[in-house]
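Undergrad: Given the coordinates of chain A, work out where chain B should sit on it, guided by the hints.
The listed protein sequences derive, respectively, from chains A and B. Numbered according to this note's numbering, the first sequence spans residues 1296 to 1361. Numbered according to this note's numbering, the second sequence spans residues 614 to 1109.
FYI, nobody ran anything at the bench for these hints, they're computed from the structure. Predicted, not measured: the structure shown is a model, and the values here were computed from it. C-beta atoms are modelled at their ideal positions from N, C-alpha and C, and glycine is treated no differently.
Straight-line C-alpha distance at most 16 angstroms; calculated EDC-like pairs for lysine to aspartate or glutamate:
#, chain 1, residue 1, chain 2, residue 2
1, A, Lys1330, B, Glu982
2, A, Lys1358, B, Asp754
3, B, Lys992, A, Glu1349
4, A, Lys1358, B, Asp635
5, B, Lys992, A, Glu1345
6, B, Lys931, B, Glu945
What follows is a set of in silico ranges between Cβ atoms, one per label pair, in the way DEER data are often shown:
#, chain 1, residue 1, chain 2, residue 2, range
7, B, Glu890, A, Gln1324, 43 to 51 angstroms
8, B, Ala771, A, Val1343, 47 to 55 angstroms
9, A, Gly1326, B, Arg910, 34 to 42 angstroms
10, A, Glu1339, B, Pro742, 26 to 34 angstroms
11, B, Arg906, A, Lys1325, 19 to 27 angstroms
12, B, Lys831, A, Val1343, 33 to 41 angstroms
13, A, Gln1324, B, Arg906, 24 to 32 angstroms
14, A, Asp1338, B, Arg803, 35 to 43 angstroms
One-sided excerpt, in silico: chain B residues whose CB lies under 8 angstroms from chain A:
#, residue
15, Asp754
16, Ser759
17, Ile854
18, Tyr980
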Amino acid sequence: MTQEQKRSQRKGGGDGDDGGDAGQTSATQKGEKLKEEMDEILDEIDSVLEENAEEFVKSYVQKGGE
Amino acid sequence: MAIAKVMGIETEYGISGLAVTDFNPVLASSLLINSYAGTLRRIRWDYEQESPLRDARGFEPVQERQPVEEDLGLANVILPNGARYYVDHAHPEYSTPECLTPRGLVAHDKAGERILERSLESVERILPPGQRLAIYKNNTDGKGNSYGCHENYLVDRATPFPRIVRDLTPFFVTRQIFTGAGKVGAEGSREGGRGVAYQLSQRTDFFEAEVGLETTLKRPIINTRDEPHADPDKYRRLHVIVGDANLCEVATFLKVGTTALVLKLIEDDLLPDLSLEHPVQALHEISWDPSCRQTVRLRDGRRVRPLELQWEYLDHAKKYVKESEPTPEHVEVLQWWESVLSGIEEDPFSMHRELDWAAKYRLLQAYRERDGLDWSSAKLAAIDLQYHDVRRSRGLYHRLAESGRVERIVTEAEIEQAIEDPPEDTRAYFRGRCIGRYPGSIAAASWDSVIFDTGADSLQRVPTRAPLRGTREHVEALLDVSETAADLISGLQGGS
Chain A
1296 MTQEQKRSQR KGGGDGDDGG DAGQTSATQK GEKLKEEMDE ILDEIDSVLE ENAEEFVKSY
1356 VQKGGE
Chain B
614 MAIAKVMGIE TEYGISGLAV TDFNPVLASS LLINSYAGTL RRIRWDYEQE SPLRDARGFE
674 PVQERQPVEE DLGLANVILP NGARYYVDHA HPEYSTPECL TPRGLVAHDK AGERILERSL
734 ESVERILPPG QRLAIYKNNT DGKGNSYGCH ENYLVDRATP FPRIVRDLTP FFVTRQIFTG
794 AGKVGAEGSR EGGRGVAYQL SQRTDFFEAE VGLETTLKRP IINTRDEPHA DPDKYRRLHV
854 IVGDANLCEV ATFLKVGTTA LVLKLIEDDL LPDLSLEHPV QALHEISWDP SCRQTVRLRD
914 GRRVRPLELQ WEYLDHAKKY VKESEPTPEH VEVLQWWESV LSGIEEDPFS MHRELDWAAK
974 YRLLQAYRER DGLDWSSAKL AAIDLQYHDV RRSRGLYHRL AESGRVERIV TEAEIEQAIE
1034 DPPEDTRAYF RGRCIGRYPG SIAAASWDSV IFDTGADSLQ RVPTRAPLRG TREHVEALLD
1094 VSETAADLIS GLQGGS
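For reference, chain B alone in the conformation it holds in the complex:
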């Protein structure tokens, strides 16, 4: 029986310094994050591995912490909305809190963009005059360097991993027709990429393997990282690295909504074998053809367009939702999924209100026509980059959104709320509310713990191993009556 899909998105943002001498992206990312976090930066990330598999509502005393090597003073903060905002390699990274619905995740993903935008505004005040930072929600610098936008999904440990690989690979290879964020040209030295003017995905040029653990070289379509941040006997956290960072809300909504549904189909073993003969090659070839007509060969010998595989997944998903209890979330995902596939079927380039690659393509084409530009023109590359600028005043996606030229899934009010408040239906609620309510009494936190310093002899860790415990329903009443963190701890000890 399929389990609830707790999900999150981690985005590494591109960062550059304009007129900044000796620009250091690591320090700049740290400065950026700290300028937003203010005093919250005092709360550390808890790297310590959870040991025994105890109930999430219990608590245990914590040993004196050893200094952690990764924690070299670089920004790494946990926000009152339950998100983690930190420096990863040479990028600012925003990991949304755990969400239970695609719509909730869209709001939190958008909240991340706004937080980056606000951080830029704060950091501008402390930079020397004339210098500024620029932040992009994209996945490549166009020169062969890629940075990721990863998705995470809670999956039943009982589901055999080979089945996940078999049934998810053809889905991932073809979903780029709606998840692609679009890119001028191709990167890498593949023969088929030569002469590609524009492609669907920012990321797929960087993928070389079908399955593997890597994320920085020989990137695989299915990543095998196995770090559930939850009870490993019950759960797997499927770490997805093959997606693009999206700005269009419909694209993000579909990316996570359809993937979550397909994972449920896989858990219930409801999909036929749709294996591709050469998945990696198919991934590239599909991306290189924005007309979406490129066919790829299945292992059973059929040659199909990416749409045909997507229709097949959609048919199975519809049947599944109809036969299980249809939830409003599932119904909304199915409606958008069908509507976008229909639109692509009629004319892929007409999907500029829904999909990033099509929105960007339309702009580029208009410039090409008006200014007589060749695809190799620097101006088009600049437009490609600036499409992803997080500033609503300058980012080209945001200019389109502001003038009502893209479809929205969530309201500005929902985004504003997600900047401040955690989701109510996962453990992120407990984490975020604790950070918001008792910031001075929290020493550290992580996905699966909150560590309190209430002035007692030892720190006290509250493990949050169960992703669906610590919700508003579970802990709001206790938080409301707990004036201080010490009250909260004794309330938890009393067991409620």
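If we strip away everything but chain A, and leave its shape as in the complex, we get:
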């Protein structure tokens, strides 16, 4: 269980470091960057998604296997 303890400690320390203005600013920037990236991913996925999700999902029926 030594690793478990190490992990918990590291996690505890990390939480403390997040305080302060500098941390918040960089967190906001990080958040914006993340959102930009997600928008980019969703745009791409929108262009390949099957049309008519409802019909697509409904018609996917498998026989059990194995």
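TA: For chain B alone, coordinates are given in the frame of chain A:
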């Protein structure tokens, strides 16, 4: 003393027909496979049981074959990379060749995906315009029907089976935090499953028993099928049915790498008793909680999170590797294992570059936020399904991979090679190279035999009972000098 872990993965792919009238999944699977196999379809699968336990390098004449009932003309081919590609029930199934390293197995598992993708391209050319097939590497249709992704591991027959059950069950119940492929909602009528929006595993809703022989109903966490395709006095083939089909290479690598290591620990009897009080219930409850915080009770009374059990297995594995001779494979498995457990410990949802369930969850969450979708929305179910589409142009996993948004274990070149060539370090090498080199002179083959038709009076079977014989090291020189299958047979007869 633990034995080398010869391993393989069998994947049943989901198949559906779009705009196909009277879609028949059995015939469609057969068509799909045959369109890829071409003339290789002529080589039959050898169902005949091996009888006497002879040395793998010997050979014996074969009796006239009786028609086999299972073989009703449905596709069932052996590929030059040593894999088996066939129709199982109503699905195309790809069984990788036997591999000796987790990395090799990842390459061959990925090669399977690519072969399915290529098959789709070939079959498209013969389907009427407007019709197409879709293939998914997943494990459920979301309506209560599941199909499997099974792993196989060579295990020392001397290891008592009850010990395997005791020590492997808690591992299997908890490994889903990194092997889960993720699923919207829950299937089945369990009370705890009601209201589950998203869970770690595709498969665990379908498991009801701790130990058993079944694979299609009352599925057990530990499957007892005992068909070693090798010397049964020496070996067991542990048939694992509790895993999800993975697309993330890290997930596949860890699934087989950690399981192989834990099996070695079990063979050497190095694990303490970590038995769970209610393994089946724990399997479900852990899957239903993607935050990975759900605790489960051990028989000794402790309540632990799945991570705590995984850390414990990892600690024992590290000690084992340190004390035995550390191989690069073991070291790589330990590094990924520790890194992924650490990541889950800090924030499970941050593991979207490594783990399928987290990658899929991230997409779903982004759609929920942007489009204001409820978890019951058909669009989310469609995204769940399309995540597993094998086409690199449309599959959502593949879109993420293409844009560098998931971690890779193997290169495209390694995958390309695994599509064509067998692993070099197991008997699959002999099988695959024979198929590749003498396709017209092979009547049939299976995991433990290659049957030659060299025009002589009788067919000749070369048994390949030993999983670690027939490697490149053993047979490459002989294959190189054997122009024809007849040369090969006489070379084998001469004994080298």
